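Student: Respectively, the protein sequence lines represent chains A and B.
Residue numbering for the first sequence follows numbering that gives the first Met the number 0, starting at 0 and increasing by one per position.
Residue numbering for the second sequence follows numbering that gives the first Met the number 0, starting at 0 and increasing by one per position.
Incorrect hints may have been included.
Below, in silico cross-link-like pairs of lysine-lysine (DSS-like), each with a Cα-Cα straight-line distance of 30 Å or less [claimed, not checked]:
#, chain 1, residue 1, chain 2, residue 2
1, B, Lys270, A, Lys32
2, A, Lys61, B, Lys98
3, A, Lys44, B, Lys122
4, B, Lys270, B, Lys45
5, A, Lys32, A, Lys131
6, A, Lys79, B, Lys205
7, A, Lys39, B, Lys131
Calculated directly from the structure, the hints in this document are not laboratory data.
Model, not experiment: these values are computed from the prediction.
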Amino acid sequence: MGSWRVSVILALSTCLFYGFIPLAGAAEETDVKPRVPSNKMELAKGMANPGSLDKGFIAAGKEIFSGKGRCVMCHGETGKGDSPMAAAFNPKPRDFTNLQWQKVRTDGEIFWAISEGTEYGMIPFGGSLSEKERWQLVNYIREIGRLSNPTLAKEQNN
Amino acid sequence: MRIRKAISAALAMTALMFLAVPGNIMAAGEEKAVLTTAPQVPPAIKRTTPAKVLVELETTEVKGKLADGVEYEFWTFNGTVPGPFIRVRAGDTVEFNLKNSAASKNIHSIDLHSVTGPGGGAKATQTIPGGKTGFLWKALNPGIYIYHCATSHIPTHIANGMYGLILVEPEKGLPKVDKEYYVVQGDFYTVGGTGDKGMQAFSLDKAKAEQPTYVKFNALSTPGNLKANVGEKVRLYVGNGGPNLTSAFHVIGEIFDVVYQQGAVGSEPAKNVQTTLIPPGGAAIVEFKVDVPGAYILVDHAIFRAIDKGAVGILEVTGNENPQVFKPLKEGGKDAGH
Chain A
0 MGSWRVSVIL
10 ALSTCLFYGF
20 IPLAGAAEET
30 DVKPRVPSNK
40 MELAKGMANP
50 GSLDKGFIAA
60 GKEIFSGKGR
70 CVMCHGETGK
80 GDSPMAAAFN
90 PKPRDFTNLQ
100 WQKVRTDGEI
110 FWAISEGTEY
120 GMIPFGGSLS
130 EKERWQLVNY
140 IREIGRLSNP
150 TLAKEQNN
Chain B
0 MRIRKAISAA
10 LAMTALMFLA
20 VPGNIMAAGE
30 EKAVLTTAPQ
40 VPPAIKRTTP
50 AKVLVELETT
60 EVKGKLADGV
70 EYEFWTFNGT
80 VPGPFIRVRA
90 GDTVEFNLKN
100 SAASKNIHSI
110 DLHSVTGPGG
120 GAKATQTIPG
130 GKTGFLWKAL
140 NPGIYIYHCA
150 TSHIPTHIAN
160 GMYGLILVEP
170 EKGLPKVDKE
180 YYVVQGDFYT
190 VGGTGDKGMQ
200 AFSLDKAKAE
210 QPTYVKFNAL
220 STPGNLKANV
230 GEKVRLYVGN
240 GGPNLTSAFH
250 VIGEIFDVVY
260 QQGAVGSEPA
270 KNVQTTLIPP
280 GGAAIVEFKV
290 DVPGAYILVD
300 HAIFRAIDKG
310 AVGILEVTGN
320 ENPQVFKPLK
330 EGGKDAGH
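The following block holds chain A by itself, in its conformation from the complex:
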């Protein structure tokens, strides 16, 4: 009887360890997984951000995010990727407040995704927003990350 109980506990522990924990990990991985195709990654990562961190430049990005770019329709007012429309997507639109995502994905990748769209539902804006406007969006998206994660702001200031 005792050994049976031990076996069940061991089996459950194994499930928890190898089953449930990796599943949680998979969700996190999806949150930060690149959405730029692998054959475009080098190009995207190689893009230098010519934008400015001036308040005006970032404010212009915020204006596009809520205004004519209609980014809010999927990414939500706060950039968490939690708008009503977001429920339709799998994977979900990016959560720009995600610290890990902010750390892993480069400015060039974000710019590429805004310009060309992705196979996950991101609309290409290369034809409708100017290059400057797309970089303003990139820098506003970075600002969302800093405002939601004070540690990130500190790290970037050091």
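Starting from the structure of chain A, add chain B where the hints point.
Tutor: Frame of chain A; chain B shown alone:
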């Protein structure tokens, strides 16, 4: 005197050239497509040579009536569901421009199934509110094609009404008929149940489950019945915007003499068809001669959709009775049969 005559003749010729070609002439060999709201269809193309055709649509989000006492915010091309009927000729080069109303909340675009090229134009036409985009394409294949919005989340845009038909006429045109009409089926998903009054919001859950609250023909278009006279040949261009349901299209009391199944103009058409399947994102052309006066009901013969969810339309045929084809028998008449 001769010079005056020559000038007058030249002016008259120029005027004739302008009048001869349908649509507004933009430049030599260039014309603006005639667009019509369902159920109307633009006139057949009389040209015998290719032209450059200009087409411009505007995407708008408008409130309208989905059923009696039921309001809905439709997403549209040109304010109607379906959007305008576009008619071009095989071999034409089409300059397509898409405007998105500044009042739109969403980005919109278009994928025309008649286009050979990336996304059917979708990538080139992702249009922000207040913006305008465009692309050029050549009509290579004749047929009747669906167009629809292709902006994320695409199924939501289609479910809200963003679709219509484009006809690419074969070079020699289609056989002459007396009446042509434009009908598109669509399934709609509201948070409230079928018949719940007031403004209804889109239900993503019901759309994903493919459980429509309404199924409609020409959901937001010119009201009124289709009309024909006894003895006329009628052609219906029937599309299915979906997003989910395949239509079992049938006209009660008629048999389709000819069906271009799946809109496959150029293929041998089917003959003597009772009900034809039209998949979402597809279309068909059906033709039949009307022999007997009366009201002929267009239905999706998956019949709950017609009787309970609204998929009905009426073709009103007027003219003399035709007892050799159909004659009602008086109650208990000796020729009643049983």
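Student: Each hint needs a verdict: does it hold in this structure or not?
Tutor: A quick look at each hint next to the structure:
no., hint, in the structure
1, B/Lys270 <-> A/Lys32, "54 Å, violated"
2, A/Lys61 <-> B/Lys98, "24 Å, holds"
3, A/Lys44 <-> B/Lys122, "23 Å, holds"
4, B/Lys270 <-> B/Lys45, "27 Å, holds"
5, A/Lys32 <-> A/Lys131, "26 Å, holds"
6, A/Lys79 <-> B/Lys205, "25 Å, holds"
7, A/Lys39 <-> B/Lys131, "28 Å, holds"
In terms of the numbered hints stated before, the structure departs from hint 1 and from no other.
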